[in-house]
Amino acid sequence: MKRWFFAGLAVSLVVLAVYPLQGTGYGIRTMLQLFMWIALAQSWNLISGLTGYVSFGHVAFFGMGAYTTAILVTKLGWPWLAACLAGGVMAMVLALVIGWPCLRLKGPYFAIAMLGLNEVLRVIVSYYEGLTGGGSGLSMPTLHASVPIYYAMGLVALLVTALTYVIITSRFGLRLMTIREDEVAAEAMGIDTFRYKLYAFLLSAAAPGIVGGLAARDQGYIEPMSVFPLITTITMIVMVLFGGKGTIWGPVLGAVLLFTFQEIVWARFIYLHQLFFGAIIVAVVLLMPRGILGVLQQKYNLPRTI
Amino acid sequence: MVDRVVKRFGGVTAVNKVSLSLEAGCIYGLIGPNGSGKTTLFNCITGVDQADEGQIRFKGQRIDGLKPHQIFHQGIGRTFQIIRVFPELTALENLLVVTTDDYAAARARAEHLLGFVKLERLAGEYAGNLSYGQQKLVEFVRVLMTDPELVLLDEPAAGVNRTLLNELLGAVRTLRDRGKTVLLVEHDMKVVMGLCETVFVLDHGEKLAEGPPGVIQTDERVIEAYFGR
Amino acid sequence: MFVITPAMVGQVVISGLLAGALYAMVALGLGLIFGVMRVLNVAHGTLLMLGAYTTFWLFHWFGLNPYLSLLVSMPALFLVGVVLQSLLVRRVVDAPELSSLLLMFGVGIALVNVTQLAFTSDLRSVEYLTGSFVLGPFAFSKSRVIAFAFAMAITAGAFWFLQKTRLGKALRAVSQSREVAQVCGINVQQIHMLAFGLASALAAAGGTLVAVMVAIQPEMGQVYTFKSFLVIVLGGAGNYPGALVGGLLLGLVEQLSSLFLTTQVNEAVAYILLVLVLLVRPTGLLKGRSS
Numbered sequence: 017m018k019r020w021f022f023a024g025l026a027v028s029l030v031v032l033a034v035y036p037l038q039g040t041g042y043g044i045r046t047m048l049q050l051f052m053w054i055a056l057a058q059s060w061n062l063i064s065g066l067t068g069y070v071s072f073g074h075v076a077f078f079g080m081g082a083y084t085t086a087i088l089v090t091k092l093g094w095p096w097l098a099a100c101l102a103g104g105v106m107a108m109v110l111a112l113v114i115g116w117p118c119l120r121l122k123g124p125y126f127a128i129a130m131l132g133l134n135e136v137l138r139v140i141v142s143y144y145e146g147l148t149g150g151g152s153g154l155s156m157p158t159l160h161a162s163v164p165i166y167y168a169m170g171l172v173a174l175l176v177t178a179l180t181y182v183i184i185t186s187r188f189g190l191r192l193m194t195i196r197e198d199e200v201a202a203e204a205m206g207i208d209t210f211r212y213k214l215y216a217f218l219l220s221a222a223a224p225g226i227v228g229g230l231a232a233r234d235q236g237y238i239e240p241m242s243v244f245p246l247i248t249t250i251t252m253i254v255m256v257l258f259g260g261k262g263t264i265w266g267p268v269l270g271a272v273l274l275f276t277f278q279e280i281v282w283a284r285f286i287y288l289h290q291l292f293f294g295a296i297i298v299a300v301v302l303l304m305p306r307g308i309l310g311v312l313q314q315k316y317n318l319p320r321t322i
Numbered sequence: 372m373v374d375r376v377v378k379r380f381g382g383v384t385a386v387n388k389v390s391l392s393l394e395a396g397c398i399y400g401l402i403g404p405n406g407s408g409k410t411t412l413f414n415c416i417t418g419v420d421q422a423d424e425g426q427i428r429f430k431g432q433r434i435d436g437l438k439p440h441q442i443f444h445q446g447i448g449r450t451f452q453i454i455r456v457f458p459e460l461t462a463l464e465n466l467l468v469v470t471t472d473d474y475a476a477a478r479a480r481a482e483h484l485l486g487f488v489k490l491e492r493l494a495g496e497y498a499g500n501l502s503y504g505q506q507k508l509v510e511f512v513r514v515l516m517t518d519p520e521l522v523l524l525d526e527p528a529a530g531v532n533r534t535l536l537n538e539l540l541g542a543v544r545t546l547r548d549r550g551k552t553v554l555l556v557e558h559d560m561k562v563v564m565g566l567c568e569t570v571f572v573l574d575h576g577e578k579l580a581e582g583p584p585g586v587i588q589t590d591e592r593v594i595e596a597y598f599g600r
Numbered sequence: 011m012f013v014i015t016p017a018m019v020g021q022v023v024i025s026g027l028l029a030g031a032l033y034a035m036v037a038l039g040l041g042l043i044f045g046v047m048r049v050l051n052v053a054h055g056t057l058l059m060l061g062a063y064t065t066f067w068l069f070h071w072f073g074l075n076p077y078l079s080l081l082v083s084m085p086a087l088f089l090v091g092v093v094l095q096s097l098l099v100r101r102v103v104d105a106p107e108l109s110s111l112l113l114m115f116g117v118g119i120a121l122v123n124v125t126q127l128a129f130t131s132d133l134r135s136v137e138y139l140t141g142s143f144v145l146g147p148f149a150f151s152k153s154r155v156i157a158f159a160f161a162m163a164i165t166a167g168a169f170w171f172l173q174k175t176r177l178g179k180a181l182r183a184v185s186q187s188r189e190v191a192q193v194c195g196i197n198v199q200q201i202h203m204l205a206f207g208l209a210s211a212l213a214a215a216g217g218t219l220v221a222v223m224v225a226i227q228p229e230m231g232q233v234y235t236f237k238s239f240l241v242i243v244l245g246g247a248g249n250y251p252g253a254l255v256g257g258l259l260l261g262l263v264e265q266l267s268s269l270f271l272t273t274q275v276n277e278a279v280a281y282i283l284l285v286l287v288l289l290v291r292p293t294g295l296l297k298g299r300s301s
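Protein chains in written order, with my numbering: chain A, 17 to 322; chain B, 372 to 600; chain C, 11 to 301.
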């Protein structure tokens, strides 16, 4: 069984790697976006799926990465790849700044704190207009290179999934899960829950930061509305919940399924997005709280490393 | 070994200037009617709650004010009244998360401990799927993973059938023989009287009496506390 | 820095209290849901928004006095709340808190979207009261003062209900301990529905009162959700009278900070305050019960 899986995986990777040679511009950009969502969903999974601390403001890291990259490229002339990595670093810094006070709170209170995060960041961006271009946004010289970004995104998605695998199969991951299971007991058993939560939070901010930068580069233009929208967080959440939070492939599955769905629905019903996602969240929470993979896991007694 | 001294601390209404002194290699019991402050006392010792007054010392060092995980690393372990195993982790993993030893050593120890309570074959089961009694045993040995010197057991006998209970008690006695100190909160009098060398009685947050089981059993104030009100 | 006169301070303080009562009323609703069901209603602001729209449409179509529309918006949203609770929320009351959070989150965004579809995102407003009451050196916008009056009245009514009526006491009993309440013969599910309905009504009242003062659009609720949380945290989770104190406190802080900081930073103030309070006293400034 496992061998088929890995064979399939290898084949898919090869296909994806050579796709740009054959694919259309539209196709490449679509796949690139899919990779982005996979990376985002996996990252959200790292903190919220494993530790149970729901991050409602995760798009903040995406936006942070976008703005860092844009500023470095336009104002300091950095090469875009380095700028994106810097975006990831800055996102982690932001995670540290936010996480340090907020992760000391208990789960629900943390969620509340994260809710307000979006607003605050948008305000800050507007405030430092000189640097960020305020409400009118920043433009970057266009890059006629979707292909490198395709590979970059794909690589990030791959790395984050690999990271998730490493974490879930390690004791570090187990300890993160104990926080979700029973934080009081975890503390009593000598686990410094604060530190573990912080590590998970930092790790979960890196990819969105990088990916935010890449996305910004791809768009060529960013403004507060486009990089801090709630819908991004919502999408991340739905993808992970749907696919199976706390699993390795759940976010990937959720991302693929929902992204495909989104591409089809988007074309016709842009305005129903939030409604659909909201409905899906409600349905998943009530009927399928562990997501598709979770249900399969239980039914067929699959190992946790799925 | 050195005195483990738990001194006076005045809690909010829960615990009022209670002093306990524990020595190595003994089994102590903490009893009292419901609401007398036993679990609160436990919580203060393990850092889950903060004492408002007084001090708690362990091996000569003050431990009040430390966070629970720090206290754990000082050598104090505890179990809970309501079972707190990690349900989505297997029995083995429940134990593994506790130590920071390298994996091989931790695994060996975990398997040994599971064997100690005859649960080896369930090592790969999700803890949430185990029976109540089995979960209790897992929680019990989980505490022992890092070889703590002081073990606090919160109602270990609750809801456990006779056979399992005897195993548990036997394990506790073995701990004592190895020089560990055990303090347990319990409602089951037979367990307390049969197991403990010294018994503390709490009532309404105050220490009512202290002494060997035989003496406590006949102490009028204790009887009144339980039945008289 | 410009000179701050006592009159300015007085103005600001009273403005703060005026606004605070409104926050308190809405937050009380949130507190009820949390106290009774241990559910954090992240869609609370959405309910407020619905109340505001109700007022708007009644005004727009029938010219109904916005304050009279309280008589419509409150019962209507009460029903909505009851329905939400019995259909959806009751299933996650015993689940881990994460579930109820996500559930309400989903409900909230779905409702916002529906509203966008139905009413578009165009900004609406209820042009009803303009001008201010002038009292010596102070001037307060009329709508604010009246909102304050209603908010105080409704909140007082809510407290009277909680303290003096049998249902209210039953509600408080369930907040304290569900098991004990059950043993005493209280129908807990009914109380849950009641609590959610009441909370929704309170939110709706907030929406109605606010409709006269701010622009109405589908996403207006978010900031109120957040502020309600802040109030609950300030006043102590589960501490109902604390919500009043918390609300007034928030109003005060907001107005005071507007004196010294730009309006843009004001939003951040609420947030920073929240984080600070949560760090220092996670159970709230007053004695509350942690979750």
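Keep in mind the hints are simulated off the structure, nothing from the lab.
Don't take each hint at face value.
As the list claims (entries may be wrong) - Here are the computed lysine-lysine pairs in the DSSO-like style, where the Cα-Cα straight-line distance is at most 30 Å:
{"#": "1", "chain 1": "B", "residue 1": "Lys438", "chain 2": "A", "residue 2": "Lys315"}
{"#": "2", "chain 1": "A", "residue 1": "Lys315", "chain 2": "A", "residue 2": "Lys91"}
{"#": "3", "chain 1": "A", "residue 1": "Lys122", "chain 2": "B", "residue 2": "Lys438"}
{"#": "4", "chain 1": "B", "residue 1": "Lys561", "chain 2": "B", "residue 2": "Lys489"}
To see whether the hints hold, each was checked on the structure:
1. At roughly 40 Å between alpha-carbon atoms, Lys438(B) and Lys315(A) are farther apart than 30 Å, so this suggested pair is violated.
2. A C-alpha spacing of about 55 Å is found between Lys315(A) and Lys91(A), which places the hinted pair above 30 Å, so the restraint is violated.
3. Under the criterion of a C-alpha separation no larger than 30 Å, the hint pairing Lys122(A) with Lys438(B) is consistent with the structure, at around 15 Å.
4. Of the supplied pair hints, the one linking Lys561(B) and Lys489(B) holds, its CA atoms being roughly 24 Å apart against a limit of 30 Å.
Violated hints for the displayed structure, listed by number in ascending order: 1, 2.
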